[in-house]
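> Below, each chain spelled out in residue letters.
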Amino acid sequence: MGRWIRGSASTTTRVGWNTGVVTTRLRECWSAVRYLAVGAGTSLLSIFALAGLFAVLLLCAVGVGIPALAPAIRLSRWPVAADRRRAARRLGEAIPEPYRDGSPLKDPATRRDLAWLAIHAATGLFIGSLAIGLPLGAVQQVVTAFVWPAVPGGIEASLGIMVNSWPQAGLAVLSAVAMLAATLLLMPRLARRQARTAQRLLAPAPGVVLADRVAELTATRAAALEAHGAELRRIERDLHDGTQARIAAVVLQLGIAGQLYDRDPATVRDLLVKAQDTATDALAELRTVVRSIYPPLLSERGLAGAVRALGERSPVPVTVTVEYETGRPAAVEAAAYFVVAETLANVTKHADASEVDVSLGGTTGVLRLEIRDDGRGGADETRGSGLAGIRRRAEAFDGTMSLTSPPGGPTVLRVELPCGS
Amino acid sequence: MRVVIAEDDALLREGLSLLLKTAGIEVVAAVDNAEDFLAFIEGDRPDAVVMDVRMPPTHRDEGLRAAVRAREIHPALPVLVLSAHVETSYAVELLADGVGGVGYLLKERVGKVERFLDALERVAKGGTAMDPEVIGRLMSRRRAADPLAALTAREREVLALMAEGYNNGTIAELLVVSDGAVLKHIRNIFAKLGLPSDEGGGHRRVLAVLAYLGRDAG
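Just so you know, the protein sequences line up as chains A and B, in that order.
Numbered according to this note's numbering, the first sequence spans residues 1 to 421.
Numbered according to this note's numbering, the second sequence spans residues 1 to 218.
None of these hints come from the bench; they were simulated from the model.
As the structure is a prediction and not an experimental result, all values here were calculated from the model.
By construction, the Cβ of each residue, glycine as well, lies at the ideal position given by its N, Cα and C atoms.
Check the hints yourself; a few may be wrong.
With a straight-line cut-off of 35 angstroms between C-alpha atoms, the simulated DSBU-like cross-links for lysine-lysine are [stated by the list, open to error]:
| id | chain 1 | residue 1 | chain 2 | residue 2 |
| --- | --- | --- | --- | --- |
| 1 | B | K107 | B | K184 |
| 2 | B | K21 | B | K107 |
| 3 | B | K112 | B | K21 |
| 4 | B | K125 | B | K21 |
| 5 | B | K125 | B | K192 |
| 6 | B | K107 | A | K274 |
| 7 | B | K125 | B | K112 |
| 8 | B | K184 | B | K112 |
| 9 | B | K192 | A | K274 |
| 10 | A | K274 | B | K21 |
| 11 | B | K192 | B | K112 |
| 12 | B | K107 | B | K125 |
| 13 | B | K125 | B | K184 |
| 14 | A | K274 | B | K125 |
| 15 | B | K125 | A | K349 |
| 16 | B | K107 | A | K349 |
Quick list of simulated restraints, FRET-style, between CB atoms [claimed, not checked]:
| id | chain 1 | residue 1 | chain 2 | residue 2 | range |
| --- | --- | --- | --- | --- | --- |
| 17 | B | H74 | A | E216 | 54 to 64 angstroms |
| 18 | A | V322 | B | E35 | 27 to 37 angstroms |
| 19 | A | T382 | B | H74 | 58 to 68 angstroms |
Chain B on its own, in the form it takes in the complex:
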C-alpha cells in the first residue's frame, strides 16, 4: 500500500512514517502543509492519505478542505483524517459525497497500533472508520421521541460499532459473541429504526447508519 502523510507536527509526522513503514506500508510522501500535499496529489494517486486537519499557514481547517479537494481530483481517494478533537459536522462533510473510503479519528487512536492499521486498511478498501467519540456524540443527541431509546444496551453497542465502520465478524470479536448473535442484533436494530434491510453490506450499511444518526445534523 502506498500512503501520503500530511501532518505539520514533525514528531507526529516522523512517528506516523515509522509506524507505517514498520507495518510494511510504503510512505511515498510526508508533507507538512496542505499546499504541498495538493501539489503532490495532482501528479500521483496514492492508495490512501493520512491527513491532519489544522495545518499552516492559517492553522484553521485547511487539512479538511484539502482532503475534500483531493477527492475531487481523484474521486473516492481513500482519506483518513486525524485531529486533536472531533466534530460531528466535519464527519458529516467528509461523508457527504457518499462514496466511502473515509476515516475520521482522534490522533491518539494511532496509539492502538493494530486498530489504527485496521482502520487505515478499511478506509483504503473503500470502507469507513469513524471515531467512537463522533459516534458517541451522534448517539447521545437527545431527540424528541428518540427511536434509539427502543434499543437494548447490547444493540446500542452493536449499532455504535457498525457506525464506526466494523464488519460483522469484527463486531462479534470485539463484543466476544458469535457471528450469528451479531446478525440477530443487526436485524433487530434495522427493524426497530425502520432502516432499509441490510442488503448493501459494507460501506453502504455504514452510510445508512450514519445518515440515520446524523439526520437533522445537516
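Isolated chain A, as found in the complex:
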C-alpha cells in the first residue's frame, strides 16, 4: 500500500486510492451494514405491525374490530418512529413527525406510514439478510478454501460450490472476492436508498407542510386583524371621547365669547382663558394617543434611539446593545419598540431585578430582540401578564417569541420579527 502513496503525484490522482480512502470506504460500508442489519429487525417489526393491522381489519369486517382500529394504527407508529429516527440519524437531517391531532384514520400521514410498512416489510428483511450474509459468506468461502484438505470428501461451501480440489478452492476464493466487492459497492447505496425512502414517506408530505403553514398564517392573520381592529376602536374612542369632545367645547366657548364680545368683556376674557386651557388639555390627550400609535421618538431617532430612550427612562438600570441598521418597515420597528416598552414595564413591576440587558440586532430579513434581566424569574405567560400580548404582537408579524424564566432567574425574552424582505 505504501508504494501507492509514494508514487508520483500523477499516479496518486489517477488512481485516487490510498489508505485514507480505503478506511473511509470500509467505515462507510461497516456503518451501512449495521444500518441495514438493524433495518432487518425493524422490517420484522413492520411485518408484525402489518399482520396485526390486517387482523384488526378482518375483525372490522365482522363488525367487532372498529374501536380497535385507531389504537392499532397508533401502535403501528412505533416501529415507523424507529425507522424515522434511524433515517434522520443516517442522513444527518431532521425528519419531523407528520402526525396531526385527532383521529389517525383521517390523518394523511397514516397512508404514507402504511406505504412505508409495506415497502419495508417486503424489502428490509431481505436486504438486511444480504448485508449480514454477504460478508459472512465471504469469510466462509475463504476458510473453506484453506481447510478442505483436512476434511475427507471436501466441504460444501456457499453458492453450492463443492470444495474438494484446489481448482474448486480457487473458485471459492474468487466467489469470496465477488461477495466482498458486492458488499463494498452495494451496501452503502442500499442503506442510502432505504434511508431516503424512509425520509420521503415518513416526513410530512410537502402539501401537508404547506397546508399547515397556511393554517398557521390564517390563524395569526385573523388574530392580527382582530388586534388591529381593537387598536382602531381604542384610538377612535380616545379621540372621540377626549380630543374631539374638548375641541367641540373650545368651539362652544369661543362662540359664546363672540356673542358676549360687546356686552360683557370681563366674561369674554374668562371664556378665552377657559378655551385656551381646554385646547391645551386636548393637545395633551392627543399627544398620549399619538404616542400609543407611533411614538414620535421612533420617527425622529429611529428604533435604536427610541429603545435607548426607553432604557434611560426605566427605573431599573438598562444596558442597550445595538447591532442593527435602522430602516425596517415602520410597523415592525413600532412592534419591536412596544415589545421593549412592555417588557421593561413588566421587569419593573414583577422581576425585582437590579439590571436589564436589551440587545437589538438581526439581518435585513429579520429583526432580533433579546431582553435579559437578573430578577427573580418564574415569569409565566399563562398568568395574565403582558407576555401573552407580546406573543400576539410578534405572531401578528409572523414572528416568534420565546421565554426562559427559571425560578431564581435570570429571565430571557427573545423575539424575532421577519421584515418581509
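With chain A held as given, fit chain B onto it using these hints.
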C-alpha cells in the same frame, strides 16, 4: 433683543413673529428649515433662537441637532426649543454642555404669552426654561428607595418649579407664599436630597437639580 425663528409650519412661524414683534422683540430672521438656519447663524449671532425640533427635509430631529450645532458655532448661544411633544432624553442632550441658556417647551406653552416671553427672556440671559411635562416625567420616574419620597408635597412643588428654571421670587409668586418660605423649602430640599448647598444660584442651581433628577437617565 434680536431673535431668530426656525419653524417649518407657516402659521406657527408667522404667529411667533407677530407675538415677538408685539412684545417689542426684533425678529432678525424667520426660516423654515435647519440648513437656512445654520447658514444664517454662521454670519450672525442673535440674542436668542426659537427652534422647532422636526423640520424638512427628513422631518426627524434636525432642529435639535441644528440647535446643538449652533451652540458649537456660538458657545452658550441661547436656544429655546419648541416641540409638539417632549422627551426627557432631548432635555438631557440640550443641557449636556452645562453652560445654560437653554429652553425646552411644548409648543402650546406659547399660548400663555407672558410666561412664554418670561421663559425666552430667562433663556436669553443664560438661564433655563424646562417644560413642566419634562420635569414631571423626571420626578415621576420610580426608583428603588426614592429620595423624592422624603419630600413634602409643597417641597416637591418648589423642586419642580426650580427645575423648570424659575428664581425664588417667581416661585414665591407662583405658589403665593413669601420669599422667606420658599428659601426655607429650598434649604430643606437640598438637605434631604444631599445636594451641595445653594451657593451657585441661578442657572447652576437648576443644573444641579436637573442633574439630580436626570441621574441614571444618561
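> Please go over all the hints and tell whether each is borne out by the structure.
Against the structure, the hints:
1. B:K107 with B:K184: holds, 34 angstroms
2. B:K21 with B:K107: Given that 35 angstroms is the threshold and the Cα spacing comes to 18 angstroms, the pair holds.
3. B:K112 with B:K21: Given pair B:K112, B:K21 holds - Cα atoms ~16 angstroms apart, limit 35 angstroms.
4. B:K125 with B:K21: Cα-Cα ~19 angstroms, so holds.
5. B:K125 with B:K192: Distance ~30 angstroms between B:K125 and B:K192 Cα, so the pair holds.
6. B:K107 with A:K274: Distance ~18 angstroms between B:K107 and A:K274 Cα, so the pair holds.
7. B:K125 with B:K112: holds, 20 angstroms
8. B:K184 with B:K112: holds, 29 angstroms
9. B:K192 with A:K274: violated, 38 angstroms
10. A:K274 with B:K21: holds, 26 angstroms
11. B:K192 with B:K112: holds, 33 angstroms
12. B:K107 with B:K125: holds, 21 angstroms
13. B:K125 with B:K184: OK: B:K125 and B:K184 at ~26 angstroms, within 35 angstroms.
14. A:K274 with B:K125: With Cα atoms ~32 angstroms apart, A:K274 and B:K125 stay inside 35 angstroms; holds.
15. B:K125 with A:K349: violated, 43 angstroms
16. B:K107 with A:K349: holds, 33 angstroms
17. B:H74 with A:E216: 54 to 64 angstroms: holds, 60 angstroms
18. A:V322 with B:E35: 27 to 37 angstroms: Since the Cβ atoms of A:V322 and B:E35 sit about 28 angstroms apart, the hinted range of 27 to 37 angstroms holds.
19. A:T382 with B:H74: 58 to 68 angstroms: holds, 59 angstroms
Of the hints listed earlier, those the structure fails to meet are numbers 9, 15, in rising order.
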